[in-house]
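4 protein chains.
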Amino acid sequence: MLNYIITVVGGGVCSPEACETARRLGWLLARQGHILLSGGRGGVMEAACRGAHEGGGVAVGILPGEREQANSFVDISIVTGMGQARNVIIVKSADAVIALPGEMGTLSEMALALKMNRPLISLGSWDLPGAQAAKNPEEAVELLEKMNQKCDAAGEEGPLPDIRRC
Amino acid sequence: MLNYIITVVGGGVCSPEACETARRLGWLLARQGHILLSGGRGGVMEAACRGAHEGGGVAVGILPGEREQANSFVDISIVTGMGQARNVIIVKSADAVIALPGEMGTLSEMALALKMNRPLISLGSWDLPGAQAAKNPEEAVELLEKMNQKCDAAGEEGPLPDIRRC
Amino acid sequence: MLNYIITVVGGGVCSPEACETARRLGWLLARQGHILLSGGRGGVMEAACRGAHEGGGVAVGILPGEREQANSFVDISIVTGMGQARNVIIVKSADAVIALPGEMGTLSEMALALKMNRPLISLGSWDLPGAQAAKNPEEAVELLEKMNQKCDAAGEEGPLPDIRRC
Amino acid sequence: MLNYIITVVGGGVCSPEACETARRLGWLLARQGHILLSGGRGGVMEAACRGAHEGGGVAVGILPGEREQANSFVDISIVTGMGQARNVIIVKSADAVIALPGEMGTLSEMALALKMNRPLISLGSWDLPGAQAAKNPEEAVELLEKMNQKCDAAGEEGPLPDIRRC
Numbered sequence: 001m002l003n004y005i006i007t008v009v010g011g012g013v014c015s016p017e018a019c020e021t022a023r024r025l026g027w028l029l030a031r032q033g034h035i036l037l038s039g040g041r042g043g044v045m046e047a048a049c050r051g052a053h054e055g056g057g058v059a060v061g062i063l064p065g066e067r068e069q070a071n072s073f074v075d076i077s078i079v080t081g082m083g084q085a086r087n088v089i090i091v092k093s094a095d096a097v098i099a100l101p102g103e104m105g106t107l108s109e110m111a112l113a114l115k116m117n118r119p120l121i122s123l124g125s126w127d128l129p130g131a132q133a134a135k136n137p138e139e140a141v142e143l144l145e146k147m148n149q150k151c152d153a154a155g156e157e158g159p160l161p162d163i164r165r166c
Numbered sequence: 167m168l169n170y171i172i173t174v175v176g177g178g179v180c181s182p183e184a185c186e187t188a189r190r191l192g193w194l195l196a197r198q199g200h201i202l203l204s205g206g207r208g209g210v211m212e213a214a215c216r217g218a219h220e221g222g223g224v225a226v227g228i229l230p231g232e233r234e235q236a237n238s239f240v241d242i243s244i245v246t247g248m249g250q251a252r253n254v255i256i257v258k259s260a261d262a263v264i265a266l267p268g269e270m271g272t273l274s275e276m277a278l279a280l281k282m283n284r285p286l287i288s289l290g291s292w293d294l295p296g297a298q299a300a301k302n303p304e305e306a307v308e309l310l311e312k313m314n315q316k317c318d319a320a321g322e323e324g325p326l327p328d329i330r331r332c
Numbered sequence: 333m334l335n336y337i338i339t340v341v342g343g344g345v346c347s348p349e350a351c352e353t354a355r356r357l358g359w360l361l362a363r364q365g366h367i368l369l370s371g372g373r374g375g376v377m378e379a380a381c382r383g384a385h386e387g388g389g390v391a392v393g394i395l396p397g398e399r400e401q402a403n404s405f406v407d408i409s410i411v412t413g414m415g416q417a418r419n420v421i422i423v424k425s426a427d428a429v430i431a432l433p434g435e436m437g438t439l440s441e442m443a444l445a446l447k448m449n450r451p452l453i454s455l456g457s458w459d460l461p462g463a464q465a466a467k468n469p470e471e472a473v474e475l476l477e478k479m480n481q482k483c484d485a486a487g488e489e490g491p492l493p494d495i496r497r498c
Numbered sequence: 499m500l501n502y503i504i505t506v507v508g509g510g511v512c513s514p515e516a517c518e519t520a521r522r523l524g525w526l527l528a529r530q531g532h533i534l535l536s537g538g539r540g541g542v543m544e545a546a547c548r549g550a551h552e553g554g555g556v557a558v559g560i561l562p563g564e565r566e567q568a569n570s571f572v573d574i575s576i577v578t579g580m581g582q583a584r585n586v587i588i589v590k591s592a593d594a595v596i597a598l599p600g601e602m603g604t605l606s607e608m609a610l611a612l613k614m615n616r617p618l619i620s621l622g623s624w625d626l627p628g629a630q631a632a633k634n635p636e637e638a639v640e641l642l643e644k645m646n647q648k649c650d651a652a653g654e655e656g657p658l659p660d661i662r663r664c
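Protein chains in written order, with the numbering used here: chain R, 1 to 166; chain H, 167 to 332; chain S, 333 to 498; chain C, 499 to 664.
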């Protein structure tokens, strides 16, 4: 069952710890039935896609250039040819954004998420006013659950209650 | 099994015949295991998504504005907020493009497909040099099959041999 | 005095005749005080920018990739890094679009112009319903003049009466 | 004489002090012959455009939606219809970026500037590693001058030595 679209952002290169966190996060999101959206490339993105793949989920990658850039765990490649402008699409398509450690690209995506009123969870990433902090992937997914319940309580209907509007 | 990404373009409003053609095309593509990519809105797009849904497939919609624009058969909404610039993404992400009747938006997408070297099948749409004509959805899907076999013959490997490069 | 933004589209390579037409058109537009907007690259674009330069005007180039792509007559380079999606910006920013001979990229821009309700003049380019034909640059500029007068008659005010809305 | 393209970013609403700073900065940039690039809307953007106008310069506005969004001091409106994705163009087209106080949109632009290796000067805005701080518009323009001289010393030639590459 397809559920939410959860965007995971983070560095194109990741430490073993961050990679493991991303992979576990991807796995958990897949097990919850969420679609994983990311930039579709290496590092945090690849690890999260790998986790989603292992969890039996669907990983969508919004690529900056050509399809060849996709990591091997992306199920559906959206090829923009728009460089960094694709970051806007990654964030705008999300019900919620979870940020792992990264550099300036990640920071720009987190700021965009707040600008666009997407719920933002920082999992060891930049500390921004408006972002919620999670210590580990389990806590991040719990935070999503709580948003979800708040949505249910608010009486949203249909197969895709929108976290953002609750 | 996910196979190719096939983009269907056409008018935001469609005649009963064009709607029925689009729906049947969506159904056939889904039965072949292809992912249906479209602009995610009404008319030809909605009919094709409906067909894909009925065929048990996956319909991805690349939306010009907000998520609310998606027709009710879109499984995965990619929200660009980029207006007509999203047409470039629809075409660029495709292994092949199938065009149904439409106006200037459709014509611009067909021209883009040729500009970007995507195989283009015209199913009752504009007649452009470089596009292949198909009389009905079955013939369109047969044309895709032939491209596919040409790819196989060319020795492409992996789960996603790329029609475009064969 | 800056006047209208007139977009010139056409092939990235041009015949001596088309180049000469583009150059003369750029010159005429500059002499009328219009800003020349184009894709900023070679062929028709470069010839038009050259003409604008020789006419003492301002040439703005909306580039698909990096600044290095600009021809040497572009005064102001807007660097999008968005590939073909920059075509949407070229058309959307225009008060009117004049098309010279070109291939599929040009056709997609002409179709976009009609889709976006921009006045479109075909100067030896594709013949589309809704486009006005001009035989030479002088006639194209006369057509702009007439649109302009129609605007004035409609009582539009300010330094930038918008051709599109008259 | 057109010189560099300097992008000014900052909040769509500004305090009287920030507005006055932006206006003075726009004026100084215009007096130095630079082209002022901005998002073309209100607040810091409008104040900077106003200053450029008063200084006899050229203000280019890269608009997120339609032309009507431009403030009244924009000389050349580039209409993208791409929402926040236009921020990428603003930064990518710049020889250097100067940031004034702003919220998340401004932060995302500053992060993008660093990501894209554009020289970034913070004039009372977010404090990011890699940004240079300036206390007032005069100091910001002096920092640009120094980059310029470094370029000259590096032997760059032509009318548009590119700050970024020195």
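Wrong hints could be hidden among the right ones.
Within a straight-line C-alpha distance of at most 20 Å, the following computed SDA-like cross-link-like pairs (lysine to any residue) qualify [unchecked claim]:
| # | chain 1 | residue 1 | chain 2 | residue 2 |
| --- | --- | --- | --- | --- |
| 1 | H | Lys281 | S | Gly344 |
| 2 | H | Lys301 | H | Gln198 |
| 3 | H | Lys281 | S | Asp459 |
| 4 | C | Lys613 | R | Asp127 |
| 5 | H | Lys281 | S | Gly365 |
| 6 | R | Lys115 | C | Gly581 |
| 7 | S | Lys447 | H | Trp292 |
| 8 | R | Lys115 | C | Gly563 |
| 9 | S | Lys447 | H | Arg207 |
| 10 | C | Lys613 | S | Glu477 |
| 11 | C | Lys613 | R | Gln132 |
| 12 | S | Lys447 | H | Gly208 |
| 13 | S | Lys447 | H | Gly231 |
| 14 | R | Lys115 | C | Lys613 |
| 15 | H | Lys281 | S | Arg382 |
| 16 | H | Lys281 | S | Gly374 |
| 17 | C | Lys613 | R | Glu103 |
| 18 | C | Lys613 | R | Lys146 |
| 19 | C | Lys613 | R | Val13 |
| 20 | R | Lys115 | C | Arg539 |
| 21 | S | Lys447 | C | Lys633 |
| 22 | H | Lys281 | S | Arg373 |
| 23 | H | Lys281 | S | Lys478 |
| 24 | S | Lys447 | C | Arg539 |
| 25 | S | Lys447 | H | Pro230 |
| 26 | S | Lys447 | H | Asp293 |
| 27 | H | Lys281 | S | Val345 |
| 28 | H | Lys281 | S | Gly388 |
| 29 | R | Lys115 | C | Leu626 |
| 30 | C | Lys613 | R | Gly42 |
| 31 | H | Lys281 | R | Asp127 |
| 32 | R | Lys115 | C | Lys633 |
| 33 | C | Lys613 | R | Gly56 |
| 34 | C | Lys613 | R | Arg41 |
| 35 | S | Lys447 | H | Asn302 |
| 36 | C | Lys613 | S | Arg399 |
| 37 | S | Lys447 | H | Gln235 |
| 38 | H | Lys312 | H | Asn169 |
| 39 | C | Lys633 | C | Gly622 |
Treat the hints as calculated values from the structure; they're not laboratory data.
Hint check results:
no., hint, verdict
1, Lys281/H x Gly344/S, "holds, 12 Å"
2, Lys301/H x Gln198/H, "holds, 19 Å"
3, Lys281/H x Asp459/S, "holds, 18 Å"
4, Lys613/C x Asp127/R, "holds, 18 Å"
5, Lys281/H x Gly365/S, "violated, 33 Å"
6, Lys115/R x Gly581/C, "holds, 12 Å"
7, Lys447/S x Trp292/H, "holds, 15 Å"
8, Lys115/R x Gly563/C, "holds, 16 Å"
9, Lys447/S x Arg207/H, "holds, 16 Å"
10, Lys613/C x Glu477/S, "violated, 45 Å"
11, Lys613/C x Gln132/R, "violated, 24 Å"
12, Lys447/S x Gly208/H, "holds, 17 Å"
13, Lys447/S x Gly231/H, "holds, 16 Å"
14, Lys115/R x Lys613/C, "holds, 19 Å"
15, Lys281/H x Arg382/S, "violated, 26 Å"
16, Lys281/H x Gly374/S, "holds, 17 Å"
17, Lys613/C x Glu103/R, "holds, 8 Å"
18, Lys613/C x Lys146/R, "violated, 34 Å"
19, Lys613/C x Val13/R, "holds, 14 Å"
20, Lys115/R x Arg539/C, "holds, 16 Å"
21, Lys447/S x Lys633/C, "violated, 48 Å"
22, Lys281/H x Arg373/S, "holds, 16 Å"
23, Lys281/H x Lys478/S, "violated, 34 Å"
24, Lys447/S x Arg539/C, "violated, 26 Å"
25, Lys447/S x Pro230/H, "holds, 14 Å"
26, Lys447/S x Asp293/H, "holds, 18 Å"
27, Lys281/H x Val345/S, "holds, 14 Å"
28, Lys281/H x Gly388/S, "violated, 34 Å"
29, Lys115/R x Leu626/C, "holds, 18 Å"
30, Lys613/C x Gly42/R, "holds, 17 Å"
31, Lys281/H x Asp127/R, "violated, 44 Å"
32, Lys115/R x Lys633/C, "violated, 27 Å"
33, Lys613/C x Gly56/R, "violated, 34 Å"
34, Lys613/C x Arg41/R, "holds, 16 Å"
35, Lys447/S x Asn302/H, "violated, 27 Å"
36, Lys613/C x Arg399/S, "holds, 17 Å"
37, Lys447/S x Gln235/H, "holds, 19 Å"
38, Lys312/H x Asn169/H, "holds, 15 Å"
39, Lys633/C x Gly622/C, "holds, 7 Å"
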